[in-house]
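Number of protein chains: 2
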Amino acid sequence: MARTIGSDGEKTEAAIREAAVNLIARHGYEAVSMRRLAAEVGVQAAALYRYFPTKEELLFTLMREHMEELIAAWRAADPGPADSAARLAAFVRNHIVFHVARRHATHVSNMELRSLSPVRLTAVLRLRATYEKELRGILRTGAAAGAFTVDDPALTAMAIIQMITGVIVWFRPDERLSVREVADKYHTMTMRLVAAAGHAEEKNVHAHDAVRAG
Amino acid sequence: MARTIGSDGEKTEAAIREAAVNLIARHGYEAVSMRRLAAEVGVQAAALYRYFPTKEELLFTLMREHMEELIAAWRAADPGPADSAARLAAFVRNHIVFHVARRHATHVSNMELRSLSPVRLTAVLRLRATYEKELRGILRTGAAAGAFTVDDPALTAMAIIQMITGVIVWFRPDERLSVREVADKYHTMTMRLVAAAGHAEEKNVHAHDAVRAG
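Chain order of the listed sequences is A and B.
Residue 226 is where the first sequence ends in this note's numbering, and the numbering goes up by one at each step.
Residue 226 is where the second sequence ends in this note's numbering, and the numbering goes up by one at each step.
Hint data in this document are derived by calculation from the structure and do not stem from the laboratory.
The beta-carbon is built from N, C-alpha and C at its ideal position, and this holds for glycine as well.
Treat the hints loosely; a few may be bogus.
Claimed, not checked - Pair ranges (Cβ atoms, derived): (1) B:R38 - A:A166: 26 to 34 Å; (2) B:E22 - A:G54: 45 to 53 Å; (3) A:L137 - B:T66: 33 to 41 Å; (4) A:R138 - B:D186: 19 to 27 Å; (5) B:A157 - A:A166: 30 to 38 Å; (6) B:A141 - A:A156: 55 to 63 Å; (7) A:R115 - B:V131: 23 to 31 Å; (8) A:E187 - B:V131: 17 to 25 Å; (9) B:S45 - A:Q56: 26 to 34 Å; (10) A:E52 - B:N34: 28 to 36 Å; (11) A:K145 - B:A141: 35 to 43 Å; (12) B:T66 - A:E81: 37 to 45 Å; (13) B:R87 - A:E69: 43 to 51 Å.
Said to hold, decoys possible - Covered stretches of chain A (in silico footprint by chain B; criterion: 3 or more residues with CB under 8 Å from a CB of chain B, positions within the stretch not fixed): (14) 66 to 77; (15) 157 to 169; (16) 192 to 202.
Produce the entire structure from the sequences given, and follow the hints as far as they go.
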């Protein structure tokens, strides 16, 4: 709704979102008041309420859109079901690139499920389930085709997601590895984790690049 | 110090710690005042300050002891350097059992690094580094002996730790898998992740049990 009120309004809303993500990641949702957020953005608290009627509505919007954007990014990156290994590679790469670019939003999304009321929590968890189901599907299809060895697709999907999301805990853009190099290394580890058939350790590290470029 | 003042004092201190971990995990450190914590424990705020002079001292104590206990648990579980695969298995099992039993403390430890002052942050990060170095050592030794294939021990250690810590996000004791079964499955995945030589998928899942029982 706020997105239809013109460019000044859009700028203000974007500033509110950015400040909210940074403040909540730094201090925790409960410790950040609408007043404090308004001061950070440089507007009156009353202005904030025009965009977000409640603080929880703001949190929910941030968390819902984070998941919607992640799912949309994956749909755009998905090379399709023909090759499970290429698909898993694309999933890992997209996930890492997406989250490294949104470290604070990821912290908020992971930590502040505790702060959502039941209906909104359910809505966010449903989006998460949609996303995780994509990875489970890749693992199941690949295992059925003999491309992967996966004992427990649900548990393996969780393990992979935790492993690749964990990049944001330690990764800093100015350190020894680029995002691309980190994604390559996690791709290799993921392929080993699912015992990908014919995944030659050294040779195939960059195979997904050829797939995505093609 | 508080531990020397007798059993009533010890009980109060234990109650403070438990309430603090639960409140901070639920609401975030910044949102939990000493007054709120005292009310939860059922003591006056002044009593709290006898045990923990400042709120940050309390947080630091919780986070430091969490890491010290983790390191001590690992030293007790460590089967020694003779067999890298057995050692890695013991590391994964100990890590999962330890963290599943301390879900709230783990959330606090992971989230509230942001709330420590620089000197205390450094102290906690040093303990983390000590622990992570153990895993890197296992990976390096195993790779040198040809037991594992590990391209980047530092990054692989982070990936494994994130993967196995992630159990606490989804694991609930009353669900389909026991802690032991979860640890077994993560052990299998970890062995694949490091391309453990001769790790026969089906047969060796329980090999580490024999090692630990022996």
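For the pair R38 of chain B and A166 of chain A, does the Cβ-Cβ distance stay inside 26 to 34 Å?
Between R38 of chain B and A166 of chain A, where Cβ atoms are some 27 Å apart, the hint holds.
When you take the CB atoms of R115 of chain A and V131 of chain B, is the distance between them in 23 to 31 Å?
25 Å, holds
Is it true that E52 of chain A and N34 of chain B lie within 28 to 36 Å of each other by Cβ?
Hint holds: Cβ distance 30 Å, inside 28 to 36 Å.
Assessment of proposed distance window 35 to 43 Å (beta carbons of K145 of chain A, A141 of chain B):
37 Å, holds
Starting from the range 19 to 27 Å, see whether the pair R138 of chain A and D186 of chain B falls in it by beta-carbon distance.
22 Å, holds
Taking 8 Å as the C-beta cutoff, is the stated coverage of the stretch 157 to 169 of chain A by chain B satisfied by three or more residues?
holds (count 5)
Can you tell me whether the CB distance of E187 of chain A to V131 of chain B sits inside 17 to 25 Å?
The hint (17 to 25 Å, Cβ to Cβ) holds, given that E187 of chain A and V131 of chain B are roughly 24 Å apart.
Supplied distance hint 30 to 38 Å, evaluated on CB atoms of A157 of chain B and A166 of chain A
34 Å, holds
When you take the CB atoms of T66 of chain B and E81 of chain A, is the distance between them in 37 to 45 Å?
40 Å, holds
Just tell me: holds or violated, for the beta carbon distance of S45 of chain B and Q56 of chain A against 26 to 34 Å?
Since S45 of chain B and Q56 of chain A have Cβ atoms about 27 Å apart, the given range 26 to 34 Å holds.
How does the Cβ-Cβ distance of R87 of chain B and E69 of chain A compare with 43 to 51 Å: does it lie in that range?
49 Å, holds
Measuring from beta carbon to beta carbon, are L137 of chain A and T66 of chain B in 33 to 41 Å?
37 Å, holds
The structure fails hints 6, 14 (numbered hints given earlier, in ascending order).
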